[in-house]
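> Using the sequences and the accompanying hints, generate a full structural model.
Here are the chains, one letter per residue:
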Amino acid sequence: MIEFQSVSKKYSADALALNDVSFSIGKGELVYLAGPSGAGKSTLLKMIAAVERPTSGSVVVNGQDIGKLKKAGVPFLRRNLGVIFQQQRLLNDRSILANTMLPLIVTGASTTQAEQRARAALDKVGLLDRARAMPLELSGGEQQRVAIARAIVNRPQIILADEPTANLDRAAADRVIDALRAFNAVGVTCMISTHDEQILDAAARVIRLEHGQLVGGAA
Amino acid sequence: MNIWFRQHRFALGAAFVQVRKSPGSFLFNVLVVSLALTLPFAGVTLLDNVRPMSEQLSVDPEISLFMKTDATREQAQALAPQLQRILAGSHAKISFTPREQALDNLKAKSGLADVIETLGDNPLPDSYVMKLQGFTSSADAARIDGIADQLQALPGVDSVQVDSAWVKRLAALLGVLRLVLLLLAITLGVVVIAVVFNTIRLQVLTQRDEIAVSKLLGATDNFIHRPFYYTGALLGLCAGAVALGAVALALRPLNASIAEFARLYASEFQLTPLSPLGLAGLLAISAGLGLVGAMLSVQRHLARLN
Numbered sequence: 296m297i298e299f300q301s302v303s304k305k306y307s308a309d310a311l312a313l314n315d316v317s318f319s320i321g322k323g324e325l326v327y328l329a330g331p332s333g334a335g336k337s338t339l340l341k342m343i344a345a346v347e348r349p350t351s352g353s354v355v356v357n358g359q360d361i362g363k364l365k366k367a368g369v370p371f372l373r374r375n376l377g378v379i380f381q382q383q384r385l386l387n388d389r390s391i392l393a394n395t396m397l398p399l400i401v402t403g404a405s406t407t408q409a410e411q412r413a414r415a416a417l418d419k420v421g422l423l424d425r426a427r428a429m430p431l432e433l434s435g436g437e438q439q440r441v442a443i444a445r446a447i448v449n450r451p452q453i454i455l456a457d458e459p460t461a462n463l464d465r466a467a468a469d470r471v472i473d474a475l476r477a478f479n480a481v482g483v484t485c486m487i488s489t490h491d492e493q494i495l496d497a498a499a500r501v502i503r504l505e506h507g508q509l510v511g512g513a514a
Numbered sequence: 568m569n570i571w572f573r574q575h576r577f578a579l580g581a582a583f584v585q586v587r588k589s590p591g592s593f594l595f596n597v598l599v600v601s602l603a604l605t606l607p608f609a610g611v612t613l614l615d616n617v618r619p620m621s622e623q624l625s626v627d628p629e630i631s632l633f634m635k636t637d638a639t640r641e642q643a644q645a646l647a648p649q650l651q652r653i654l655a656g657s658h659a660k661i662s663f664t665p666r667e668q669a670l671d672n673l674k675a676k677s678g679l680a681d682v683i684e685t686l687g688d689n690p691l692p693d694s695y696v697m698k699l700q701g702f703t704s705s706a707d708a709a710r711i712d713g714i715a716d717q718l719q720a721l722p723g724v725d726s727v728q729v730d731s732a733w734v735k736r737l738a739a740l741l742g743v744l745r746l747v748l749l750l751l752a753i754t755l756g757v758v759v760i761a762v763v764f765n766t767i768r769l770q771v772l773t774q775r776d777e778i779a780v781s782k783l784l785g786a787t788d789n790f791i792h793r794p795f796y797y798t799g800a801l802l803g804l805c806a807g808a809v810a811l812g813a814v815a816l817a818l819r820p821l822n823a824s825i826a827e828f829a830r831l832y833a834s835e836f837q838l839t840p841l842s843p844l845g846l847a848g849l850l851a852i853s854a855g856l857g858l859v860g861a862m863l864s865v866q867r868h869l870a871r872l873n
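Chains as they are written, first to last, in the numbering used here: chain R, 296 to 514; chain W, 568 to 873.
Worth flagging that the hints you see were computed from the coordinates, not collected in a lab. In this text the structure is predicted, and so the values were computed from the model without any measurement. Mixed in with the good hints there might be a few duds.
Incomplete in silico selection of chain R near chain W, CB under 7 angstroms [claimed, not checked]:
(1) Arg374
(2) Val378
(3) Leu386
(4) Arg389
(5) Gly403
(6) Leu423
What follows is a list of derived Cβ distance ranges for each label pair [to be verified]:
(7) W:Leu598 <-> R:Gln408: 37 to 43 angstroms
(8) R:Ala497 <-> W:Gly580: 56 to 62 angstroms
(9) R:Met296 <-> W:Asn569: 46 to 52 angstroms
(10) W:Ser592 <-> R:Ser307: 38 to 44 angstroms
Where a beta carbon is used, it is the ideal one built from N, C-alpha and C, also for glycine.
Here it is, written out as structure tokens:
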């Protein structure tokens, strides 16, 4: 489903974000991405979402080579991904429901259909009763669950979560991880980057990066 | 419903949302753009009113020959072969107007039929009108004067009038006005594009987070660009409507003054608004200028954001 082969990413001559990274992730796997700040975790996730392209090597997602993907094809690749950011990046001028509907609206879904599916997604993360609330009226944990609802509303094959539990207390972090595990349980491939050792201790597979190099979890 | 149509409806809705978020700013921009549009729209309206007049006027040299009032019809008609001889080679169209017909025409055109009736005798003479073709240069003007002298010397002729120079001057003046209006329209069109360009630039900057998130969620470039295009077109359209409204309002006091002036020449000339098709055309041009400004701005500023 996701395959990195000898991937390197240089931002400049002396800024090597990833160095010869190779691994593969199968369909339905739950993989954690660990490493200190600046290890290259975010760069790696950005490559899967085609935000960045490799300087060398190949990144294949759902059979599509990111390095060769044309600009016009990028939106269609991203529609099969659910992306959760460290800062939730919700649009503060519209309701939770409208935020959750957005991935469907951009694909041309009807408002009625988008609203139905957004309500179902908010129900799954336990926030249906806050559908009309604005993002700033919610706690950090609730906002992150809205971001999860937004990520899963278009029924993606892959969920990418970049530090989704950062800045959350233990209880909120556990709820977020539980929600992601629940989606993985129904066959969605999940890749979650985190610093949280408590979460990593319970993980089946952890890919570890240090200074842009893979130091564990390749297979 | 077709996805394409749905996405355009969404984009239009998003444009209206943007307008609703900052109505004051939108209105201010509409006013600025409408100021730039009012002058060329007024010019177009004026030319549209004057054009039919100038088209009815002949710009070919025209010579009118008036017989003496005591000359007989036979004397007048006997001149025809001599006129043809003098005008040979001038591609002239010669028409004879009997004095009775001239009187009827005067009654019909002047609106003074009752006054003319009181005159008793017909004071008008028989006349010929000769339209010459192919006379355009200053050398031709000298030839026309020569022809006029020969005509004046014919028996029974009272006066000969060469009547074309002022019509030519009017046509030339209208040509210059048209050119000035075109240059003015181009200049002010650039002003409109610049204002819309800047307005959309500010909107792109304000919405850069939303744009970035939408892109990560799978939005295509077209999906992101469209609301800005609609905003630009909407701005142009509203400004065009305001400018046309201002021109229509200005016509009332102008017509009051023109009516006074025209009455002195027994005319009922009035400036009228453009036809619905003309108005729709100007509104389409306004919206088009707004769209062009938005497209240029979006292409430039979104490329920078990317």
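> Each of the hints needs a verdict: does it hold here or not?
Each hint, compared with the structure:
Annotation: interface hint on arginine 374 of chain R holds; nearest CB of chain W at approximately 4 angstroms, less than 7 angstroms. Look at valine 378 of chain R: its Cβ gets to within about 5 angstroms of chain W, closer than 7 angstroms, so that hint holds up. The restraint placing leucine 386 of chain R at the interface with chain W holds, with a minimum CB-CB distance near 5 angstroms, inside the 7 angstroms limit. For arginine 389 of chain R, the interface hint is violated, since its Cβ never comes within 7 angstroms of a Cβ in chain W; the closest pair sits about 9 angstroms apart.
The beta carbon of glycine 403 of chain R is positioned within 7 angstroms of a beta carbon in chain W (closest approach about 4 angstroms), and the interface hint is therefore held. Nearest Cβ of chain W to the Cβ of leucine 423 of chain R: about 21 angstroms, over the 7 angstroms cut. The hint is violated. Take leucine 598 of chain W and glutamine 408 of chain R: their Cβ atoms lie about 41 angstroms apart, and the range 37 to 43 angstroms holds. Under the hint 56 to 62 angstroms, the C-beta atoms of alanine 497 of chain R and glycine 580 of chain W, about 46 angstroms apart, miss the expected range.
Checked against the given bound of 46 to 52 angstroms, the beta carbons of methionine 296 of chain R and asparagine 569 of chain W, roughly 33 angstroms apart, lie outside it. Range check, serine 592 of chain W to serine 307 of chain R: Cβ separation about 40 angstroms, and the 38 to 44 angstroms hint holds.
In this structure, the earlier hints numbered 4, 6, 8, 9 are contradicted, and the remaining ones agree with it.
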